[in-house]
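Novice: Letter by letter, the chains look like this.
2 protein chains.
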Amino acid sequence: MSVELFLIMSGIKSETYVISIDIGGTKSAVSLVSLSGQVLRRESEPTRPTERTPFGTLESLVTLTKEIIVQSGIAKESLIGVGVSAGGPLDRETGTLLRPPNLPGWEAVPVKCVFEELLNLPVRVENDANATALAEWHYGAGRGARNIVFMTIGTGIGAGLILDGKLYHGTNDLAGELGHQTILMNGPPCLCGKRGCLEALASGPAIARLARESMMYGRHKRVLALAGGNPNHITATHVVDAAKKGDPFALGILEEAGTYLGVGLANTIMMLNPEKIILGTLVVHAGDLLLTPARAAIAEYAWKRAAERCEIMPAALGDRAQDLAGAALWL
Amino acid sequence: MSVELFLIMSGIKSETYVISIDIGGTKSAVSLVSLSGQVLRRESEPTRPTERTPFGTLESLVTLTKEIIVQSGIAKESLIGVGVSAGGPLDRETGTLLRPPNLPGWEAVPVKCVFEELLNLPVRVENDANATALAEWHYGAGRGARNIVFMTIGTGIGAGLILDGKLYHGTNDLAGELGHQTILMNGPPCLCGKRGCLEALASGPAIARLARESMMYGRHKRVLALAGGNPNHITATHVVDAAKKGDPFALGILEEAGTYLGVGLANTIMMLNPEKIILGTLVVHAGDLLLTPARAAIAEYAWKRAAERCEIMPAALGDRAQDLAGAALWL
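If you read the sequences in order, they're chains A and B. Quick note, this note's numbering runs 3 ahead of the 1-based positions in the first sequence. Quick note, this note's numbering runs 3 ahead of the 1-based positions in the second sequence.
These aren't lab readings, by the way, just hints derived from the structure by calculation. Fair warning: there could be bad hints in the mix.
To be verified - Below, simulated DSS-like cross-link-like pairs (lysine-lysine); rule was C-alpha separation at most 30 Å, straight line: (1) B:K248 x B:K169; (2) A:K79 x A:K197; (3) A:K169 x B:K248; (4) B:K197 x A:K307; (5) A:K69 x A:K30; (6) A:K79 x A:K30; (7) B:K79 x B:K69; (8) B:K30 x B:K307; (9) A:K247 x A:K30; (10) B:K247 x A:K307; (11) B:K307 x A:K197; (12) A:K169 x B:K169; (13) A:K224 x A:K248; (14) A:K69 x A:K197; (15) B:K307 x B:K169; (16) A:K197 x B:K30; (17) B:K224 x B:K248; (18) B:K30 x B:K197.
Small disclaimer: the values here were computed from a predicted structure and weren't measured.
Model the full assembly from the supplied sequences, consistent with the hints where possible.
Specialist: As structure tokens, then:
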């Protein structure tokens with residue numbers, strides 16, 4: 004459903020607002036967002052999971068939220084709720100973060116309860132990949148489509164599935180782990196404990212690892228220079244930046260990662276026959292350096308009549324994705 | 004929704020009937036089925052796609068249908084419609100078979116129009132994997148589950164997806180082609196034109212091919228004997244039968260195919276987090292000979308907390324699946 008249509012049908016005017024809270028491993032942000040997609044205010048602060056208790060972090064976010072509401076001057080009646088996006092795994096029903104790998108020490112943290120109690124507003128909680136999928140669907144690259152796969156490629160590979168016009172969660176909220184499909188049965192180890200996952204072949208750290216491993220063959224100058232001469236400091240961003248300057252070694256690494264990405268997307272197309280696949284984070288930065296080899300692999304590994312109905316595109320919301328993720332939970 | 008609940012909610016009593024028509028590459032069948040799942044009558048005949056025009060075949064099925072209705076003595080008012088299952092690709096909306104590989108010469112055959120015209124009953128058409136998925140969900144191994152993957156492993160590998168309690172078709176009716184996910188990037192050629200598809204590694208013909216290819220190493224006696232001494236006559240059934248008698252060569256082939264199957268199922272679990280995966284045809288025949296290696300591969304290639312929520316089981320309907328497939332389209 005389009006945002007406008009939803010607002011008309013539900014009698015909600017665009018002056019309705021949501022507090023969007025994004026809890027990340029490094030930083031957390033609170034923003035005041037209109038349901039029509041305007042970000043009015045935004046504040047962020049370090050999450051500091053190792054220095055503060057989870058409850059300390061939540062209290063601090065509550066203080067930030069209250070300040071933002073007061074500063075904005077909006078009437079509390081026009082605030083319909085709070086949308087929280089955080090790293091999974093989490094229990095959506097109770098709004099409890101279970102043990103997100105990016106928040107060490109956070110175990111069974113009842114985010115929904117705490118925020119509802121302290122803010123006196125209804126709270127919805129969703130894992131960040133799903134919430135961003137909803138945001139791209141309502142406000143970004145996915146507008147108007149019915150079947151969408153959103154995949155973000157950063158430190159890990161997360162995904163959210165909109166199927167038949169509805170977020171699909173799976174049986175116990177684990178659907179959409181496209182980053183952990185097996186691409187190479189005896190491939191490199193993945194942080195998840197398996198081998199040969201897409202994430203172990205095409206995520207940011209996988210690209211950096213490919214670059215570091217190639218060091219020993221001497222094909223490395225520009226990437227190494229960008230990393231200040233220290234191979235351990237190499238990140239995927241250095242590889243992308245070197246490739247943008249035409250460095251053949253960096254281009255080769257992105258071609259390899261992009262090919263694996265394409266095989267994973269081809270499998271996704273064969274399984275889900277989506278209308279759009281929206282790719283975030285690293286793909287937005289690298290663009291065609293990853294998309295061109297990915298598209299070539301899709302042509303080789305997916306059926307034409309499914310592939311030609313599926314648009315592969317970078318995410319459109321950029322920095323606004325985090326803020327709109329919480330709002331999208333209320334559409 | 005359970006069959007009983009559906010019947011109560013929609014005010015339909017169990018004395019309501021459907022004509023189920025299954026159009027297969029070799030044989031076609033017409034049956035009279037009650038919505039509660041009883042098969043009252045059934046007739047089948049060779050499809051003979053190379054000897055008759057598509058229209059000739061449809062006319063013959065109409066004659067068979069009329070005979071069955073008359074013989075059954077049921078009142079025409081209690082017949083709510085016709086459910087047709089056939090090999091894809093097909094256009095569900097118009098009920099047109101497009102160019103099914105198992106029916107050479109059938110191109111854009113308007114099955115729905117023809118049957119509606121000649122039988123004066125409403126007609127629903129669905130591809131056979133989807134229709135059988137619905138049948139297993141309503142009447143068989145999938146009862147009560149909300150997220151089901153049905154996969155049939157025979158000459159090809161077809162699948163149907165029930166997601167959030169609804170058959171998921173995808174953008175242009177191509178969802179669920181799990182047999183054509185890539186398991187080995189440089190694997191053996193698949194009939195679909197790609198390489199390394201699950202279907203090229205674990206279908207009936209793939210198992211027979213593995214057996215034939217191993218002939219040259221001399222490890223073949225029992226399988227070859229079952230095939231009458233001619234390697235070209237070896238089928239997957241010979242391999243399964245030899246394995247059931249403990250033949251180590253046949254056991255090894257099924258272990259290999261079962262492992263590939265398990266990798267494909269692990270990918271499916273990571274992507275869709277289903278509650279049940281129901282496996283038809285060859286898996287029903289081979290049972291644990293394929294399921295044991297498949298389960299071992301799932302343990303290695305899928306996350307435990309998704310895998311332990313997913314029951315992997317053989318299909319339950321057996322020979323009744325074809326008949327109930329058409330009826331399930333009316334639930």
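Novice: Could you work out which earlier hints the structure fails to respect and list their numbers in ascending sequence?
Specialist: As far as the earlier hints go, 1, 2, 3, 8, 10, 14 and 16 are violated by this structure, in ascending order.
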